[in-house]
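So you can see what is in the structure, the chains are spelled out below.
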Amino acid sequence: MNIVICVKQVPDTETKIKVKDGQVDHTETKYVVNPYDEYAIEEGLRIKERLGEGKISLITMGPQRAKDALKSGLAVGADEAIHLVDEAFEGSDPYATALILCKALEKMDYDIIFCGKQGVDEDHAQVGIALAELLDVPHVSVVTRLEIAEDEKSAVAHREVESGHEVVDTPLPAVITAQKGLNEPRYASIKGIMAVKKKVIPEWNADDVGVDRDKVGLETAKIKFVEVALPTERTAGKVFDEDPAQDAIKVAHLLRDEAKIL
Amino acid sequence: MSNNVLVVAEMRESVLKKICFEMIGEGKRIADKLGGAVEAVVLGHEVGDEIAPLAHYGAEKTYLADDPALANYTAEGYTNVLARLIKETEPILVLTGATTQGKDLAPRLAARLAVGLASDCTGFEVQDGELLVTRPIYAGKAIATIREETTPYMATVRPNIFAAPEPDTSRAAQVEKVPADAGSIRAKVIEMIQEAGERIELTEADIVVSGGRGLKGPENFALIEALAQVLGAAVGASRAAVDAGWKDHSYQVGQTGKVVTPTLYIACGISGAIQHLAGMKTSRYIMAINKDSDAPIFKVADYGIVGDLFKVVPVLTEELKKMRAEG
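One line per chain: the protein sequences are A and B, in this order.
Counting in my numbering, the first sequence runs from 23 upward without gaps.
Counting in my numbering, the second sequence runs from 35 upward without gaps.
The following block holds chain A by itself, in its conformation from the complex (with noise of 0.2 Å):
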């Protein structure tokens, strides 16, 4: 089974966010794989393992520094990375991301693909499905558990809704975006992350993945940034700190009688 999974690299989510001059200022930005990446990438080791075969495909789309990323998955056990770098690929917005990866998945096998449900950035929470659409195969969003078919050719999935969840039945291939709770991933080995060392990423720009430049990056975005700003500051409040008692009936009186909840 080919198992190919998208990532991207994210700001950590402890950084605290800066901007300067309307635009987030990434200058002291420590980056991760994205949290939901990385169930992405446990559930595409783990499909391997209980099929006892399988070639696990990491790709992601992004500057030199996105190599990192690959790299994490490849230290857990991923078979090879394909790294998408273009200057004309920088600022591409969801649709581009989305067609860029389709492009590149066409010159590629694949029977499943996986992605992060979002990317913990910009929260688009797109890429994903317009994936799926740009490459004519099903998907299922936000999936906390999957199950492959016996003959490998549908699978079962959980997906989170708001009254609990709706299991979706889908013939493969398919593009499944993964949710926490899908798995617990696992860390490198050391013997993994020395493996990395001797692994080959080869990067495809514009003209390897087939993508017209005029098409993708900044310029032709269908949604464009205007400005970035931080939001109001909260301010702190009243404090109670004397008794316990005292302190919670004081405030059932204030949530009464000033936020007015009753």
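Note that these hints are calculated values from the structure, not bench results.
Some clues are possibly wrong.
Some but not every residue of chain A turned toward chain B, in silico, with C-beta under 8 Å [unchecked claim]:
no.	residue
1	Gly-113
2	Asp-115
3	Glu-144
4	Ala-152
5	Leu-157
6	Val-164
7	Glu-184
8	Asn-205
9	Gly-214
10	Ile-215
11	Glu-225
The calculated lysine-lysine pairs, modelled on BS3-like cross-linking and capped at a C-alpha distance of 27 Å, are [unchecked claim]:
no.	chain 1	residue 1	chain 2	residue 2
12	B	Lys-211	B	Lys-222
13	A	Lys-175	A	Lys-77
14	A	Lys-52	B	Lys-333
15	A	Lys-38	A	Lys-129
16	B	Lys-325	A	Lys-260
17	A	Lys-260	A	Lys-52
18	A	Lys-213	A	Lys-93
19	A	Lys-52	A	Lys-213
20	A	Lys-272	B	Lys-211
21	B	Lys-222	A	Lys-272
22	A	Lys-244	B	Lys-355
23	B	Lys-333	A	Lys-38
24	A	Lys-272	B	Lys-355
25	A	Lys-40	B	Lys-292
26	B	Lys-325	A	Lys-38
No experiment lies behind these values; they were computed from the predicted model shown.
Ideal placement from N, C-alpha and C gives every residue a C-beta, glycine not left out.
Given the structure of chain A, go ahead and fit chain B onto it with the hints provided.
Only chain B this time, still in chain A's reference frame:
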């Protein structure tokens, strides 16, 4: 192209979700500025009077696609029907809820139409005939203003942000049946697993009561649930509580969980890590109970109690219960 705004309505068990009315209210405000009307579309099967409220809240017209294949939501079936309707009626803006359904549908529909989509929007502004959208990024650590460069503009709308207008039940629904051929559907829902008991959805709740590591164990969530019950609130949890296995991930509030915007958020035994604050900071009022006076949660709380939550929460619950009974 028209200047109309199309609201994709969503029902749960034959009842329209609150977000539909919030979108109609905001959609009307935008349509007024653009010189168009707000319209709604419902997809389903054997749909009847239950869609009348769309007109009450202000939809000038409701398109209805009724077919057995549309009884349950599927991204593919709904995309097929909506793409056809949108090409036919040419709205300038298409709104769906930023719900699990809307967030699943809109990216597929936008890709089909090859247009841009702004996700999880919290503000709309029309400037020189162009639509500017605000939406939180980095789970709300920053706010982005987005300009859409393609039409129809598309956006998913965060629940609980926009006020629903006052309904006028004298307004009659103008329903227009539209082609409902769902086409080929590959991914299908074969079963619904409902949560035991009535659970109030976090993202739609007016009040949220959350528990964290300070609860010391899963059994003590009973305290949180008792308080939530008195208030008719949804129950949430911090990442620490979820990672400890005390609550399922669907309860997690924060950057890798749910982002909530209730009127009141009560944090019990939650220190307020940056990734938790990102998920609840836009609540109207925040109350925090924590024994550590230096906990960052107090920096954002309107009402803070520095003390043992095991002593505070039961008294708070009782007092609020008493107030509620008094009316």
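Here's how the hints hold up against the structure:
no.: 1; hint: Gly-113; result: violated, 13 Å
no.: 2; hint: Asp-115; result: holds, 6 Å
no.: 3; hint: Glu-144; result: holds, 5 Å
no.: 4; hint: Ala-152; result: holds, 4 Å
no.: 5; hint: Leu-157; result: violated, 10 Å
no.: 6; hint: Val-164; result: holds, 6 Å
no.: 7; hint: Glu-184; result: holds, 4 Å
no.: 8; hint: Asn-205; result: violated, 12 Å
no.: 9; hint: Gly-214; result: violated, 23 Å
no.: 10; hint: Ile-215; result: violated, 24 Å
no.: 11; hint: Glu-225; result: violated, 26 Å
no.: 12; hint: B:Lys-211 - B:Lys-222; result: holds, 25 Å
no.: 13; hint: A:Lys-175 - A:Lys-77; result: holds, 16 Å
no.: 14; hint: A:Lys-52 - B:Lys-333; result: holds, 25 Å
no.: 15; hint: A:Lys-38 - A:Lys-129; result: violated, 39 Å
no.: 16; hint: B:Lys-325 - A:Lys-260; result: holds, 15 Å
no.: 17; hint: A:Lys-260 - A:Lys-52; result: violated, 35 Å
no.: 18; hint: A:Lys-213 - A:Lys-93; result: holds, 13 Å
no.: 19; hint: A:Lys-52 - A:Lys-213; result: holds, 25 Å
no.: 20; hint: A:Lys-272 - B:Lys-211; result: violated, 56 Å
no.: 21; hint: B:Lys-222 - A:Lys-272; result: violated, 52 Å
no.: 22; hint: A:Lys-244 - B:Lys-355; result: violated, 51 Å
no.: 23; hint: B:Lys-333 - A:Lys-38; result: holds, 16 Å
no.: 24; hint: A:Lys-272 - B:Lys-355; result: holds, 14 Å
no.: 25; hint: A:Lys-40 - B:Lys-292; result: holds, 22 Å
no.: 26; hint: B:Lys-325 - A:Lys-38; result: holds, 25 Å
Hints 1, 5, 8, 9, 10, 11, 15, 17, 20, 21 and 22, counting from the list given before, are not met by this structure.
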